[in-house]
Amino acid sequence: MKRPSNRFIIMVLSAAVVVAVLLSVMNFMSATSAPLPNLAGIVASPFRAASTAVSETFRRWSGYFAGVDELRRENEQLKKQIAGMEETVRQAQADRDENARLREVAQLREQRRDLHLESARVLVQDVSNWCSQMTINKGTAQDIAVGDCVVTETGYLLGMVTETGTNWSTVRTILDSDSSFGALVFRSGGSVMAQGDFALMNKGRLSLTYLGTEPDVVAGDLIVTSGLGGYYPSQLVIGYVEEVRTSENGLAQYAVVKPEAELDGLIQVYVVTSFDIVE
Amino acid sequence: MLPKSYLVFKWTVYTIATLLLCALQSVVLNHIRVLGLTPFLYPVLPALVAMFEGPRRGSVFALAFGLGCGLLVPEPFPGFFAVVFPVIAVVSAWVAERLLSRGFLCALIVASLALLATGGCRMFVQILTGGRYLGLMARMVVGEGLLTLPALLAALPVYRTIFRRCAADY
Numbered sequence: 001m002k003r004p005s006n007r008f009i010i011m012v013l014s015a016a017v018v019v020a021v022l023l024s025v026m027n028f029m030s031a032t033s034a035p036l037p038n039l040a041g042i043v044a045s046p047f048r049a050a051s052t053a054v055s056e057t058f059r060r061w062s063g064y065f066a067g068v069d070e071l072r073r074e075n076e077q078l079k080k081q082i083a084g085m086e087e088t089v090r091q092a093q094a095d096r097d098e099n100a101r102l103r104e105v106a107q108l109r110e111q112r113r114d115l116h117l118e119s120a121r122v123l124v125q126d127v128s129n130w131c132s133q134m135t136i137n138k139g140t141a142q143d144i145a146v147g148d149c150v151v152t153e154t155g156y157l158l159g160m161v162t163e164t165g166t167n168w169s170t171v172r173t174i175l176d177s178d179s180s181f182g183a184l185v186f187r188s189g190g191s192v193m194a195q196g197d198f199a200l201m202n203k204g205r206l207s208l209t210y211l212g213t214e215p216d217v218v219a220g221d222l223i224v225t226s227g228l229g230g231y232y233p234s235q236l237v238i239g240y241v242e243e244v245r246t247s248e249n250g251l252a253q254y255a256v257v258k259p260e261a262e263l264d265g266l267i268q269v270y271v272v273t274s275f276d277i278v279e
Numbered sequence: 001m002l003p004k005s006y007l008v009f010k011w012t013v014y015t016i017a018t019l020l021l022c023a024l025q026s027v028v029l030n031h032i033r034v035l036g037l038t039p040f041l042y043p044v045l046p047a048l049v050a051m052f053e054g055p056r057r058g059s060v061f062a063l064a065f066g067l068g069c070g071l072l073v074p075e076p077f078p079g080f081f082a083v084v085f086p087v088i089a090v091v092s093a094w095v096a097e098r099l100l101s102r103g104f105l106c107a108l109i110v111a112s113l114a115l116l117a118t119g120g121c122r123m124f125v126q127i128l129t130g131g132r133y134l135g136l137m138a139r140m141v142v143g144e145g146l147l148t149l150p151a152l153l154a155a156l157p158v159y160r161t162i163f164r165r166c167a168a169d170y
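One line per chain: the protein sequences are A and B, in this order.
Going by my numbering, the residue at position 251 of the first sequence is 251; the numbering climbs one at a time, nothing skipped.
Going by my numbering, the residue at position 90 of the second sequence is 90; the numbering climbs one at a time, nothing skipped.
Stretches of chain B that chain A covers, calculated by requiring three or more beta carbons in the stretch to come under 8 Å of a beta carbon on chain A:
1. 20 to 31
2. 34 to 44
3. 47 to 59
4. 70 to 84
5. 131 to 141
In case anyone wonders, no lab produced these hints; they're calculated from the structure.
Ideal placement from N, C-alpha and C gives every residue a C-beta, glycine not left out.
Required output: the full structure, derived from the provided sequences and hints.
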């Protein structure tokens, strides 16, 4: 067999390095997606949608019969939960009226939360053991920009847009080890940082850091976005604290948070394209 | 010298087969989770093609595939797969030409090397960017590899058939 020349192989490997450098430069210089990834995203969109549809159909079929008993149990639980929530809503309505009266008396500005949402379908969940991302079917054409928050239909925080193309966007989920959000412990109002953690990512959990020397965080605490700095809306639900742990070096504590948003099998998400919150 | 039309036909078939195997990853493998890990077939594909086709064609295919992969699959930095896959292809072709004949054992070894190399490079990038959990990452690379290797049973026959049929025709 004729041996391939080393020169040719070196040329191919050099071309690979040059391509990598060029792509990195293009990616660095472009605010949105570079032209090549954008084009690839546009071309791949219908195929991604088709493959998601096929796998979704398969998943639905396979889970149709297996889940009947579980659905009955869940239905019973939900009925009880709804009854409890109706009571809470009645109480909240009374509190709201009282709050409005007191605000009028004290001449305080009315609190407002205007979130402008753009609905999007998940084209593909970029399943990788090293990161947690998803691609959605809306992009710059729908005013979606890098840094926009993505939530579920119930308003639970899913992640943040990290890359946008014409008709697609990449969303880095809150589990990804590069994710970090300013957060609040809802009960105590304590300021913390919700961060993706490489060790917790594959377990579907994230960590809560900067708890301070005497952390006022306990299992079961609700964690919401702080909205400090105005980059993200406040009061978006991140999840509940599962446990508080001491770091490996024993110097600090962190909490493990179970996100409220169910990341597996997501179909529809909402991108917060702009928001106006008065608190 | 082989006719140009033959080469075009052969590489078109290789491309279609690769796209089908990518669909396998997207539709089936992406939904398999064992201990929080998912199989990752992509590095195995250029390794297998290079095993059959040799380092020259294999590395060019790997470069093209790495580019395509990088545009659609999350990677640590742009062009990561375009750099790693050709190296994997050259090593795979070297193993197939110098150490073992192109059989299942050879495929198993080149696939394992491809997965280890990709995982190792990811680990290296993570460490460079301040990643901790070295032990966890190493376990992940091994786990990902073990989880992916059974998929070789789907990928190997596809490429072997193409290689043999095309070789038989000419």
